[in-house]
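Starting from the given sequences, assemble the full structure and let the hints guide the process.
Each protein sequence line maps, in turn, to chains A and B. Each residue of the first sequence is one higher than the one before, starting from 14 at the first, in the working numbering. Each residue of the second sequence is one higher than the one before, starting from 274 at the first, in the working numbering.
One should not assume that every hint holds.
[Said to hold, decoys possible] From the structure, some residues in chain B lie toward chain A, with a derived Cβ separation under 8 angstroms:
no.: 1; residue: Ala403
no.: 2; residue: Trp427
no.: 3; residue: Ile450
no.: 4; residue: Leu471
no.: 5; residue: Glu474
no.: 6; residue: Val476
no.: 7; residue: Pro479
no.: 8; residue: Ala504
no.: 9; residue: Leu510
no.: 10; residue: Ile534
no.: 11; residue: Ser535
no.: 12; residue: Cys548
no.: 13; residue: Arg566
no.: 14; residue: Tyr576
Quick caveat, the hints were computed from the structure, so don't treat them as lab data. Think of the CB as a built atom: it goes at the ideal place given N, C-alpha and C, for glycine as much as any other residue.
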Amino acid sequence: MSTAEAFSCQELVELVTDYLEGALDPEERARFQQHLEECGNCQVYLEQMRATIELNGSLQPESVSPEAEAALLRAFRDWKSA
Amino acid sequence: MADLDSEALGDRVDVVQEIGDDEIGLRRLAGDVRAAAAPARPLDQGHLGPVVARRLLCSVARGRAGTDYDQVELLRHSVASFGPQVSPMRTRVTVGSVEQALSRTDAALVEALRAGDEAAFAELVRDYHAPLLRVAQIYVSSRAVAEDVVGETWLAVLQGLDRFEGRSSLKTWIFTILANRAKTRAIRERRTIPFSALQPERVPEPALPPERFRDPEDPRWPGHWASPPQAWPEDRLLAAETREKLAEAIEALPASQRAVISLRDLEGWSSEEICNALEISETNQRVLLHRARSKVRKALEEYLG
Chain A
14 MSTAEAFSCQ
24 ELVELVTDYL
34 EGALDPEERA
44 RFQQHLEECG
54 NCQVYLEQMR
64 ATIELNGSLQ
74 PESVSPEAEA
84 ALLRAFRDWK
94 SA
Chain B
274 MADLDSEALG
284 DRVDVVQEIG
294 DDEIGLRRLA
304 GDVRAAAAPA
314 RPLDQGHLGP
324 VVARRLLCSV
334 ARGRAGTDYD
344 QVELLRHSVA
354 SFGPQVSPMR
364 TRVTVGSVEQ
374 ALSRTDAALV
384 EALRAGDEAA
394 FAELVRDYHA
404 PLLRVAQIYV
414 SSRAVAEDVV
424 GETWLAVLQG
434 LDRFEGRSSL
444 KTWIFTILAN
454 RAKTRAIRER
464 RTIPFSALQP
474 ERVPEPALPP
484 ERFRDPEDPR
494 WPGHWASPPQ
504 AWPEDRLLAA
514 ETREKLAEAI
524 EALPASQRAV
534 ISLRDLEGWS
544 SEEICNALEI
554 SETNQRVLLH
564 RARSKVRKAL
574 EEYLG
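In structure tokens:
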């Protein structure tokens, strides 16, 4: 058992990204997980953050418009023939 | 521990070598990898385009599936448990070779561009045009000016090709040109970039309003939830309209946060690639990502609640 003071829910919410990115040091990570085991509300929060990231990944990234692409390819041909 | 159908995934990994540039095969493999990385939440695979599938495979090749540290560990673990016939190293190598087959190396790409290969240029434009626009918008005042700056950047890339020596990646080189052009334009527009835009750690911005929590000095439950999050209804979460709300929430973010979340979560870039393109530290990248994701989650909560 860690003797360090446990994170509050408010603190945990601000550490979620560092946790998911693997940026917490081992001691912080252990405190984070310990809080999580005991707190259903924070489990819901973390689950929602994961769902948000997963849903972001399902969005189609913006792509170049046909007009812009055509203009760039014209510029490429001009550059080639220059 | 989540259930992973390791046999099915192992089979796919085995056939990867034969897939080559077969898009459907790649899509299927990426679907499996994605389902394995997020076993609790199978998403409609129809939304996984070939570009995303390819990027997903790249990230697996680099040992990073998805964006979730725990799930990457789980995936790695599962791949390791396939047994001697498919070692994790071999998986990485195999997936890496697919990626290589699909995307040319920088050297080959530069050579093709110099030789005037239009398809090579079109490929580059498709990969980077939208990300360039996202980043340009951090520096300049409007979308129209950003498009202008990106256009200039492409011309500068073509004119500078002969001088490209490969000391950085082609991607980093292109984004350096963009950053210089965009900064010059911002000065001409007499626009000062708010210092908090790329140095976010100086200005605190909590993920949730303090009213959501009890007082930090509360004698019994300091800093605990006062108004806790409610679980989201699964059917509504996966509805098309929810995706629209999500896209709107991303559009509404400040330009720097929007750039980071788009590059990271939609385009599948690594944090290192984002730091290079935006010329920011890992810590700042994470702060921007955290704020962006927190706001987007909150927007979903308001919509689904």
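List of violated hint numbers, smallest to largest:
3, 4, 5, 6, 12, 14
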